[in-house]
Amino acid sequence: MKKIYLASLISISLIACGQEETIDDTNYDQSPSQEAIETLKKDDKIKEVYAVNDDEHLLIAIDVKHRHRFKRHQHDLNWTEEMKAEKPNMKVFVATDYKIVKETKRAAKIAQNKGPNTKQTIQKIIKLSKEET
Amino acid sequence: MKMTPKELKEKHEPKRPVALNCLKAFLIGGSICLVGQFISVFYMTFFDFTEKTVGNPTVATLVIITMLLTGFGFYEPLGQFAGAGTAVPVTGFANAVISASIEHRPEGFVLGVGMNMLRLAGPVIVYGVFASFILALIKTVWNIIFT
Chain A
1 MKKIYLASLI
11 SISLIACGQE
21 ETIDDTNYDQ
31 SPSQEAIETL
41 KKDDKIKEVY
51 AVNDDEHLLI
61 AIDVKHRHRF
71 KRHQHDLNWT
81 EEMKAEKPNM
91 KVFVATDYKI
101 VKETKRAAKI
111 AQNKGPNTKQ
121 TIQKIIKLSK
131 EET
Chain B
1 MKMTPKELKE
11 KHEPKRPVAL
21 NCLKAFLIGG
31 SICLVGQFIS
41 VFYMTFFDFT
51 EKTVGNPTVA
61 TLVIITMLLT
71 GFGFYEPLGQ
81 FAGAGTAVPV
91 TGFANAVISA
101 SIEHRPEGFV
111 LGVGMNMLRL
121 AGPVIVYGVF
131 ASFILALIKT
141 VWNIIFT
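Protein sequences, first through last, are from chains A and B.
For reference, each letter of the first sequence is one residue, going 1 to 133 in this note's numbering.
For reference, each letter of the second sequence is one residue, going 1 to 147 in this note's numbering.
Please keep in mind that the hints were generated in silico from the structure rather than gathered at the bench.
All C-beta atoms in this analysis are idealised placements derived from N, C-alpha and C, irrespective of residue type, glycine included.
Check the hints yourself; a few may be wrong.
25 Å max Cα-Cα, derived PhoX-like pairs, lysine-lysine [what the hints assert, rightly or not]:
{"no.": "1", "chain 1": "B", "residue 1": "K52", "chain 2": "A", "residue 2": "K124"}
{"no.": "2", "chain 1": "A", "residue 1": "K71", "chain 2": "B", "residue 2": "K15"}
{"no.": "3", "chain 1": "A", "residue 1": "K114", "chain 2": "A", "residue 2": "K102"}
{"no.": "4", "chain 1": "A", "residue 1": "K71", "chain 2": "A", "residue 2": "K119"}
{"no.": "5", "chain 1": "A", "residue 1": "K65", "chain 2": "B", "residue 2": "K52"}
{"no.": "6", "chain 1": "A", "residue 1": "K45", "chain 2": "B", "residue 2": "K52"}
{"no.": "7", "chain 1": "A", "residue 1": "K91", "chain 2": "B", "residue 2": "K52"}
{"no.": "8", "chain 1": "A", "residue 1": "K47", "chain 2": "A", "residue 2": "K71"}
{"no.": "9", "chain 1": "B", "residue 1": "K139", "chain 2": "A", "residue 2": "K102"}
{"no.": "10", "chain 1": "A", "residue 1": "K105", "chain 2": "A", "residue 2": "K2"}
{"no.": "11", "chain 1": "B", "residue 1": "K52", "chain 2": "A", "residue 2": "K84"}
{"no.": "12", "chain 1": "B", "residue 1": "K52", "chain 2": "A", "residue 2": "K127"}
{"no.": "13", "chain 1": "A", "residue 1": "K130", "chain 2": "B", "residue 2": "K139"}
{"no.": "14", "chain 1": "A", "residue 1": "K84", "chain 2": "A", "residue 2": "K127"}
{"no.": "15", "chain 1": "A", "residue 1": "K41", "chain 2": "A", "residue 2": "K87"}
{"no.": "16", "chain 1": "A", "residue 1": "K119", "chain 2": "B", "residue 2": "K139"}
{"no.": "17", "chain 1": "A", "residue 1": "K105", "chain 2": "A", "residue 2": "K87"}
{"no.": "18", "chain 1": "B", "residue 1": "K52", "chain 2": "A", "residue 2": "K130"}
{"no.": "19", "chain 1": "A", "residue 1": "K127", "chain 2": "A", "residue 2": "K102"}
{"no.": "20", "chain 1": "A", "residue 1": "K47", "chain 2": "B", "residue 2": "K11"}
{"no.": "21", "chain 1": "A", "residue 1": "K102", "chain 2": "A", "residue 2": "K130"}
{"no.": "22", "chain 1": "B", "residue 1": "K139", "chain 2": "A", "residue 2": "K105"}
{"no.": "23", "chain 1": "A", "residue 1": "K71", "chain 2": "A", "residue 2": "K84"}
{"no.": "24", "chain 1": "B", "residue 1": "K9", "chain 2": "A", "residue 2": "K71"}
Not the full set, but computed from the structure, chain A residues with beta-carbon under 7 Å of chain B [claimed, not checked]:
{"no.": "25", "residue": "D97"}
{"no.": "26", "residue": "Y98"}
{"no.": "27", "residue": "K99"}
{"no.": "28", "residue": "V101"}
{"no.": "29", "residue": "E131"}
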């Protein structure tokens, strides 16, 4: 009986170790992101802008110049409206949060180098930006 | 010439170095806020916290640091030197709670620590909650009227 328990424990552990995470290696065309970056870069309130997209979502993270940070929320809404008008067929998310900027910068770099899991990363960042507590 | 107690007090009271006190409060209070900013950036860099959610762990960390500094007796001299610089940030609130707890510990956990730990910090909570309520009320009314 003891041996059966031991064998089943080992086999469960091995099955658990053997499971691999599914890797989505779809490469999405990043031209919507590049167009959004080119449009937003013209705004003098913006220090840096990073963007990444999949077939459905366009995630834009904006590093706002320090003296414009007090009105960040209002600018956020304006940029969202502007981008939604420019890309009506995509779900646009604009964020100016420090963490979102860092994560989007990393995701954009991976997507440009044809890295994996772009869609999952974008969804994770959008979920993170919506967290309240 | 007869002087009133108030005049007598004004005559003999040593002059307070207001400008120097302000400078000390600014430097030490600013340093505490700088430490808080470093803690925030640390949490945002290494954990999944955004600018919206990083406030709670940062405040908790500052309170724990102040608790240790108060317990080991480092916060009191800092408070005497900087005055409002150490009293106004959240660390001042933590210090008020912890020092009252330490002071009343010999009287027992219930009648000593339990009854006295919020003796100094209690008014801060009461007026903080009250002020928040009033501001929320004003904001709600403002939104109803102007939006």
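| request: Hold the hint about Y98(A) up to the distance rule: shortest CB distance to chain B must be less than 7 Å. | output: 5 Å, holds
| query | Taking only the CA atoms, is the gap from K71(A) to K119(A) under or equal to 25 Å? | reply | 31 Å, violated
| message | Hint check: K91(A) vs K52(B), CA-CA at most 25 Å. Holds or violated? | response | The hint holds at about 22 Å.
| Straight-line alpha-carbon gap K105(A) to K2(A), limit 25 Å | 53 Å, violated
| query | With 7 Å as the cut and Cβ atoms as the points, is E131(A) at the interface with chain B? | reply | Status holds, d = 6 Å.
| Under the criterion that the straight-line Cα-Cα distance not exceed 25 Å, is the pair K52(B), K127(A) satisfied? | 13 Å, holds
| field | When the least beta-carbon distance from D97(A) to chain B is tested against 7 Å, hint result | value | 5 Å, holds
| Regarding the hint that K99(A) lies at the interface with chain B, is the smallest CB-CB distance below 7 Å? | 4 Å, holds
| said: Does K130(A) sit within 25 Å of K102(A), going by the straight-line distance between their CA atoms? | reply: Holds, at roughly 16 Å.
| Does the alpha-carbon distance linking K84(A) and K127(A) stay inside the 25 Å limit? | With a Cα-Cα distance of about 19 Å, the restraint between K84(A) and K127(A) holds, given a limit of 25 Å.
| query | Are the Cα positions of K105(A) and K87(A) separated by 25 Å at most? | reply | Holds, at about 20 Å.
| said: Does K124(A) sit within 25 Å of K52(B), going by the straight-line distance between their CA atoms? | reply: Distance of about 16 Å is within 25 Å: holds.
In this structure, the earlier hints numbered 2, 4, 9, 10, 16, 20, 22, 24 and 28 are contradicted, and the remaining ones agree with it.
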